[in-house]
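If you read the sequences in order, they're chains A and B.
Numbering-wise (the working numbering), the first sequence opens with residue 1 and increments by one.
Numbering-wise (the working numbering), the second sequence opens with residue 1 and increments by one.
Derived from the structure by calculation, the hints contain no laboratory data.
Don't take each hint at face value.
Said to hold, decoys possible - Covered stretches of chain B, going by a simulated chain A footprint (3 or more residues, C-beta under 8 Å): (1) 7-14; (2) 51-65.
Stated by the list, open to error - Heads up, simulated DSS-like pairs for lysine-lysine below, C-alpha to C-alpha not over 30 Å straight-line: (3) A:95 - A:71; (4) A:57 - A:95; (5) A:95 - B:56; (6) A:57 - B:56; (7) B:36 - A:57; (8) A:83 - A:95; (9) B:67 - A:83; (10) B:68 - B:56; (11) B:36 - A:71; (12) A:95 - A:9.
Even glycine gets a Cβ: it sits at the ideal position worked out from N, Cα and C.
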Amino acid sequence: DGGITQSPKYLFRKEGQNVTLSCEQNLNHDAMYWYRQDPGQGLRLIYYSQIVNDFQKGDIAEGYSVSREKKESFPLTVTSAQKNPTAFYLCASSKSASGYTFGSGTRLTVV
Amino acid sequence: GEDVEQSLFLSVREGDSSVINCTYTDSSSTYLYWYKQEPGAGLQLLTYIFSNMDMKQDQRLTVLLNKKDKHLSLRIADTQTGDSAIYFCAETFTNFGNEKLTFGTGTRLTIIP
């Protein structure tokens, strides 16, 4: 079955460390997105990519980086420059305006 | 810019209808969506409506769109305990050919037995 997979489900980071969240899809979708979810704030867009080897900053890109070397993969790195990284991170993909398909999320906690 | 607003909480008795409201600002939106999120999970697309439609019905779900007032609503008939979740509305926003979704804050629906 086609779908979008995020890993790991839970991730713990020490202060000052970079961590990378994985997002893989086998839906043949061109566009992929990363959102951050905090309680009471809905989803905020971090980065998005409409095509391989191209990506754009979203509303809260500072402290994050991405790459899009393959159509299927859109990893997100949370760098040490992100001062408040504890959140639930959601990856999504889309092919058309019929809506996004979301992964099951990664919960990142700074310890 | 784009902005999507929802009330944060809604409580409904089991068996009653739930109505979740949303207002948006981008009049050029082509599609508007409703997503459901259960605890600790990703978002599940419930339904969407094209901007030239006024209403869409899908089993227990009815979506109403008032383009003049930029108001979108989701009605869930015969609300069940399994409907407890956070519901997000979202609109498409196109910026220099790049299309992305803008989400509301989400409405947490609680079912009262």
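Contradicted hints - numbers only: Of the numbered hints, 1, 2, 6, 8 and 9 do not hold.
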